[in-house]
Each structure stands twice: as structure tokens, then as C-alpha cells.
Amino acid sequence: MTLEDWYRQDRLPHIYCAGCGNGTILNCTLRAVNELGLVQDRTTFVSGIGCSSRAAGYTSSDSLHTTHGRALPFATGVKLVKPENDVIVFTGDGDLSAIGGNHFIHACRRNIDLTVICMNNNIYGMTGGQGSPCTPYGAITTTTPYGMHEMPFDLCAVAEAAGANYVARWTSFHVKELTEAIRTGIETPGLSFIEVMAQCPTSFGSKNKMKQVSQMIDMFRTNAVLKGKAERDRAAGIPLAPGKFIVGELVRRSNPVLGGRP
Amino acid sequence: MTDKTEFLNGNTACAEGAIAAGCRFFAGYPITPSTEVAERMAARLPKVGGTFIQMEDELASMAAIIGGAWAGARTMTATSGPGFSLMMENIGYAAMTETPCVVVNVQRGGPSTGQPTMAAQGDMIQARFGSHGDYSIIALAPSSVQEMFDLTVKAFDLADRFRTPVFLMADETIGHMREKVILRGDVEIIPRRELGSDELPCKPDANGVPGFGTFGNGHGVHITGLTHDERGYPATDSAALHENLVRRQVGKIENFRNEIADVDIVNPDAEVIFISYGAPTRAVQQLLADYPGVYGHFNLRIVWPFPDAKLAEFRAAKAFVVPEMNLGQIAREVRMHTNVPVVTAPKLGGALHSVDELKHAADVAATATGTFTEVLL
Chain A
27 MTLEDWYRQD RLPHIYCAGC GNGTILNCTL RAVNELGLVQ DRTTFVSGIG CSSRAAGYTS
87 SDSLHTTHGR ALPFATGVKL VKPENDVIVF TGDGDLSAIG GNHFIHACRR NIDLTVICMN
147 NNIYGMTGGQ GSPCTPYGAI TTTTPYGMHE MPFDLCAVAE AAGANYVARW TSFHVKELTE
207 AIRTGIETPG LSFIEVMAQC PTSFGSKNKM KQVSQMIDMF RTNAVLKGKA ERDRAAGIPL
267 APGKFIVGEL VRRSNPVLGG RP
Chain B
12 MTDKTEFLNG NTACAEGAIA AGCRFFAGYP ITPSTEVAER MAARLPKVGG TFIQMEDELA
72 SMAAIIGGAW AGARTMTATS GPGFSLMMEN IGYAAMTETP CVVVNVQRGG PSTGQPTMAA
132 QGDMIQARFG SHGDYSIIAL APSSVQEMFD LTVKAFDLAD RFRTPVFLMA DETIGHMREK
192 VILRGDVEII PRRELGSDEL PCKPDANGVP GFGTFGNGHG VHITGLTHDE RGYPATDSAA
252 LHENLVRRQV GKIENFRNEI ADVDIVNPDA EVIFISYGAP TRAVQQLLAD YPGVYGHFNL
312 RIVWPFPDAK LAEFRAAKAF VVPEMNLGQI AREVRMHTNV PVVTAPKLGG ALHSVDELKH
372 AADVAATATG TFTEVLL
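Residue numbers (this note's numbering), protein chains in the order written: chain A, 27 to 288; chain B, 12 to 388.
Everything labelled a hint here was simulated from the structure, so no lab data went into it.
Please note that a few of the clues may not be correct.
To be verified - Ranges between beta-carbon positions, derived for each pair:
1. G262/B / G269/A: 30 to 38 Å
2. R278/A / Q65/B: 40 to 48 Å
3. S232/A / D248/B: 21 to 29 Å
4. Q241/A / A250/B: 35 to 43 Å
5. L29/A / M12/B: 45 to 53 Å
6. M177/A / M12/B: 58 to 66 Å
7. E190/B / E176/A: 50 to 58 Å
8. A320/B / E176/A: 35 to 43 Å
9. K58/B / G154/A: 34 to 42 Å
10. G286/A / E385/B: 35 to 43 Å
11. M347/B / E30/A: 49 to 57 Å
12. D68/B / G154/A: 22 to 30 Å
13. G286/A / G231/B: 48 to 56 Å
14. L62/A / K214/B: 30 to 38 Å
Quick reminder that beta carbons are idealized off the backbone N, C-alpha and C, glycines included.
Whole structure, please, built from the sequences with the hints as guidance.
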């Protein structure tokens with residue numbers, strides 16, 4: 027198998043807009059899968075609804091493109107019937123944390139042996155740019171024309187509190203770190219949650235003073251604070267500045283797992 | 012395996028039927044009056060190499076059994092009205108993706124939370140039309156504890172043959188009453204037809220049903236609830252492709268509505284014919300025992316697709332009387348398929364029809380002239 031073999035070639039090119047971060051995340055995922063030498067016929071991709079969830083259809087192994095928010099319970103059924111499979115879930119911030127929020131909490135609580143990759147573009151991209159539970163405070167979207175007036179989720183904090191064995195956050199800028207995190211996530215028994223900040227230049231950047239894709243990538247680069255630095259700052263009494271977010275491996279533990287490989 | 016004779020409630024017999032039919036994955040959420048199905052599955056599945064999981068809600072339960080089906084198992088969930096409503100989203104997904112699975116609905120009084128511990132048949136139209144878009148399904152209705160076992164077995168075979176969700180539309184009375192039941196040890200499992208290596212995953216065979224591309228069997232299938240072509244790939248902007256797909260999926264079931272009919276036809280030469288399914292069947296059977304040879308009876312074990320051609324077997328019919336524990340949901344369907352006057356005999360609240368009430372309905376029916384009459388019991 028080569029990296030190319032993991033792509034469903036007759037489905038390409040993908041539907042993502044020019045400059046979208048989702049293709050980068052799909053590529054990092056398939057790179058990690060290929061580097062690990064996973065068996066194609068023992069690997070299943072499951073996704074919900076939204077831009078992120080189209081990713082499953084571009085993989086060459088068995089894939090299940092499901093209903094909005096429900097990727098995790100579908101994946102739970104696949105994994106419990108075929109625990110020998112590596113089951114990887116593609117989801118987005120709206121899919122996972124709004125309509126699928128309860129499933130997210132319970133999949134983490136069960137610590138079921140899935141790898142969940144959340145493409146967090148802070149917005150509903152496929153429906154044209156509405157606010158999501160991860161839209162930053164004050165950001166402009168089509169449904170928050172005067173600025174988002176609700177606080178966003180910290181998805182990694184939710185995953186940690188709910189019980190996931192592995193939690194990491196990276197961005198579409200950090201391709202090497204992200205690929206490594208996905209590898210580790212797949213190898214770690216239990217629920218592995220990897221949040222990836224992804225740029226949506228079409229619907230988010232254009233309304234929030236980042237018309238150029240490079241501006242969004244640059245925002246990720248400058249606002250991402252490595253976990254070690256964040257911890258040192260916190261010990262020194264320096265709070266995380268507004269707009270900044272922590273990246274790195276946030277949780278790795280070995281709590282009891284549901285649906286682990288036999 | 013030898014047969015075992017036991018004295019069980021209907022819900023427990025249903026779970027035993029599922030185990031006998033090879034069901035090895037159950038995902039569910041507790042709800043009265045169906046919970047004994049889940050409880051029995053939780054106890055039994057680990058002993059036969061299967062898996063039980065209690066999900067966070069019925070949306071998730073339905074999702075999980077669809078995922079489990081694609082991973083190769085025969086899968087089932089059980090619920091009642093409020094949970095059935097939540098399952099509608101993914102029932103539509105199962106219809107569009109042609110996923111075989113079994114959903115047990117032990118009906119209770121509705122709408123909403125209604126009467127959790129009382130029997131009803133108010134979800135019959137929802138079973139047929141509850142999810143959005145056009146599709147067809149199969150729904151069975153047991154009227155005894157033995158049928159809770161037998162029809163559960165049958166539901167799995169129909170689900171695999173037609174690649175569709177199949178509903179066991181029970182009710183609280185049948186689910187909770189106890190009767191002698193023979194747990195058959197000789198249940199033959201007819202496996203779903205696996206996708207051939209040279210077949211496209213969504214290209215139908217002569218019967219309109221594609222082969223099933225079980226995950227892990229080398230097919231590399233892509234399954235989506237979007238309108239899709241014969242490769243299974245999203246293709247959402249062709250009117251012709253969408254119409255062909257939906258009509259083919261409906262036709263694969265409706266074209267066999269009379270072939271798969273599972274009915275009793277009693278006294279076909281009678282003039283007043285009772286049509287029933289589920290618990291009211293028991294009352295009709297008592298009426299026929301009390302008044303031998305007077306009335307006809309068309310008892311349905313498969314309600315959807317409705318076996319319309321069988322109505323013609325009642326050649327002398329002057330009225331069809333339909334006692335239901337709802338406000339005439341299947342009576343409307345009967346009306347669609349006959350010019351004989353239809354008398355709907357609804358009863359709500361959980362009590363069964365009495366023989367006297369059925370006799371009264373028959374007396375009204377004997378002089379009925381309108382095409383559709385409601386008799387007040």
C-alpha cells in the first residue's frame with residue numbers, strides 16, 4: 027500500500043473549496059494510517075454530515091457516511107461487531123458538538139476504541155457559514171451578524187472530562203505534529219480524540235478580516251500555544267491570552283476500554 | 012438443538028426468537044413497555060458470543076444497529092412510541108442505504124408520553140410513513156407469545172432478503188402477557204446475499220435488491236444516505252437517477268406485497284368480515300368461536316406492505332370491520348383497496364375490544380351503506 031492507495035481515486039477531486047483545511051487533515055490521516063501499515067480491509071471510516079464528513083467517501087476502504095451528529099453511535103455498532111477493525115471517525119464542530127454532543131460525551135465516557143478526528147472550522151461550512159458551538163466569541167457568521175454572543179466549547183476539555191484515553195489538539199498548519207498525533211491516537215486503546223483547527227476561508231475568514239487563506243494559517247501559527255509553554259505560563263501566573271489556544275498532546279491514559287482489539 | 016416449551020411473556024419470547032435467528036448485536040434504550048426485550052438480550056447475548064449495549068438514546072440505538080449490520084451481524088433494537096419517534100431519522104437512513112435490521116415496537120398509548128403501561132396500536136401509520144421521503148418497509152404484527160418468537164425470526168429473514176428495516180409492531184398486551192411458547196431449536200437462518208466480487212454495491216439484481224457488501228469482506232464499499240449511483244457514490248443532482256433509486260427501493264418491497272403476505276383467511280364466504288392484527292385478533296378469534304360460521308376473519312401477520320389482493324378472497328363480503336387500538340389507521344388502508352363498505356371500530360385507552368363490542372360493530376356493519384363508517388363502542 028502507498029498513500030495514494032488509501033484514496034478512492036475515482037472520487038477525486040474532492041468537493042472542498044480552494045484553501046480549505048479539510049483536505050490537509052484527510053491527507054494527514056491517510057498518511058498516518060499508511061505509516062502504521064493498517065490493513066485496508068480491516069480499516070473502517072465513519073462520518074456524519076458536513077464538509078468534514080465528506081472525507082470518509084474519499085478513502086478506499088469501507089466507509090459509512092451517516093446522519094448529522096450520529097457518526098459516533100454508528101461507529102460504535104461497527105466497532106462492537108468487528109473489534110478487530112481500526113475504526114476512524116471524521117466529524118466537524120457542528121456535527122460533533124451541537125447535534126451530536128450527547129453522543130460525543132457518551133463515546134468518550136465508554137472510552138470505546140475509536141479514533142475521532144474533528145475538523146473544527148468554527149462554523150457550519152456546508153450550509154454556508156452559520157455559527158456553531160465552536161464559533162469564537164464575537165465572530166461574525168451568517169447567523170451571528172452582530173457577533174457571536176455565546177461562549178464556545180473547548181472540545182478537548184469535554185473529551186477529557188468525559189473520559190477519553192487520548193486527547194490532542196493541532197491545526198492544519200501543524201501537519202507533522204498532527205500526523206504523529208493521529209498515529210498515536212490509532213495506537214492508543216480507547217477513545218482517541220484529535221481536534222484539528224481548520225481554516226474555512228470561504229465562510230469564516232471572509233467575514234472575519236482574514237480574506238486570504240494565508241492569514242488564517244498565520245492566525246493558527248501565532249495563536250497556537252504549545253502545551254508545555256502554556257503550563258509554564260500558568261505556573262508563572264500568566265493567563266492564556268484571548269484568542270490563543272493550547273496545542274499538543276493533552277491527555278494520555280489507560281483507563282478501561284470498550285470494544286478493544288481482541 | 013431441540014425445541015423447548017416455556018411459559019414466557021411476549022417480550023422475552025421476542026428476545027429468544029432473535030437469539031434463535033442469529034441476532035448477535037442489540038443496541039437499545041430502556042422504555043416501557045418494551046424493556047424486557049433489552050433485559051433478556053443483555054442476559055443472553057454474551058452467552059452466545061454476541062454483544063449488548065445500552066445506548067444514550069434511541070437515535071444512537073438505531074445508529075448502532077445499522078453500523079453493526081454493515082459490520083456483518085444480524086442486529087436488533089426494541090422500543091416503544093417515544094423511542095420509535097426518535098428512531099425515525101435513522102430508519103430513513105436504513106431505508107436509503109438498504110440496511111437489514113429489526114426494530115421491535117411494543118406499542119403503548121400516545122401521542123407523546125401518553126400511557127406507558129397501556130396497550131395501543133397508534134404507531135401503525137408512523138411505521139409505514141414516519142421518516143421523511145418516499146420509501147417502503149415491512150411491518151409484522153404478532154397476536155400471541157408464540158408469534159412474538161416466530162415473527163421475530165421471520166423479521167430477520169425478511170430484513171436480509173429485502174435489505175430493509177423490518178418492524179415487529181407488537182403492543183403492550185402481547186408484550187406482557189404470558190403464554191406457552193415453543194422455542195424452536197431448528198430455526199434455519201437464510202443469510203443475506205453477499206455482494207459478488209464483480210458486482211457494483213448498489214446495482215440491483217432481478218428482484219431489485221443489490222448484494223450486501225459486508226465491511227471487511229474486501230469490497231471497499233462507500234455507504235451514504237445521500238442519493239447515490241450504482242457504485243454507491245453521492246449523485247444528488249440528477250432527477251432521473253433519484254427517481255429511479257427511490258422507485259426501485261420502494262418496488263423491491265411493494266412488488267412482493269402479496270407474495271410475502273402472511274395472513275389467515277377464515278370463513279371467506281361470510282358477509283361481515285373482521286380485519287385485525289395484533290391484540291384485537293384475539294378478541295375476534297373469541298367472537299368467531301362464540302358465533303361459529305357467522306363472520307369472516309382476515310388476520311394480518313404482515314401489515315406492511317398491505318396484502319391488498321387477498322381482500323378479493325372474501326367474495327361475498329358486504330362489509331369489512333376493522334377493530335384497532337387506534338382511530339382507524341389500517342381501516343383507511345383497507346378503504347383504499349376495496350369498494351366494499353369499511354367499518355372502523357376504534358378503541359383507545361388500553362382496554363381490549365370485548366366480544367360484545369365486536370358483535371355490536373358487526374351488527375352496525377351488516378346494514379352499513381357508506382363507504383367508511385365509524386362505529387362507537
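Quick rundown of the hints versus the structure:
1. At roughly 56 Å, the beta-carbon separation of G262/B and G269/A lies outside the given 30 to 38 Å, and the hint is violated.
2. At about 28 Å, the beta-carbon gap between R278/A and Q65/B misses the expected band of 40 to 48 Å.
3. Taken as a hint, the range 21 to 29 Å holds for the pair S232/A and D248/B, whose Cβ atoms sit roughly 25 Å apart.
4. Hint check: Q241/A to A250/B, Cβ distance near 41 Å, so the stated range 35 to 43 Å holds.
5. Range check, L29/A to M12/B: Cβ separation about 50 Å, and the 45 to 53 Å hint holds.
6. Separated by about 59 Å at the C-beta atoms, M177/A and M12/B satisfy the suggested range of 58 to 66 Å.
7. E190/B and E176/A have their C-beta atoms about 56 Å apart, which keeps the hinted 50 to 58 Å range intact.
8. Checked against the given bound of 35 to 43 Å, the beta carbons of A320/B and E176/A, roughly 58 Å apart, lie outside it.
9. For K58/B and G154/A, the hinted distance range of 34 to 42 Å is not satisfied, since their beta carbons lie about 52 Å from each other.
10. A hinted range of 35 to 43 Å is violated for the C-beta pair G286/A and E385/B, which are about 58 Å apart.
11. For the pair M347/B and E30/A, the supplied restraint of 49 to 57 Å holds, since their beta-carbon distance comes to about 55 Å.
12. The supplied range of 22 to 30 Å is met by D68/B and G154/A, whose beta-carbon atoms lie about 29 Å from each other.
13. At roughly 25 Å, the beta-carbon separation of G286/A and G231/B lies outside the given 48 to 56 Å, and the hint is violated.
14. One distance hint, 30 to 38 Å for the beta-carbon pair L62/A and K214/B, holds here, with the actual separation near 34 Å.
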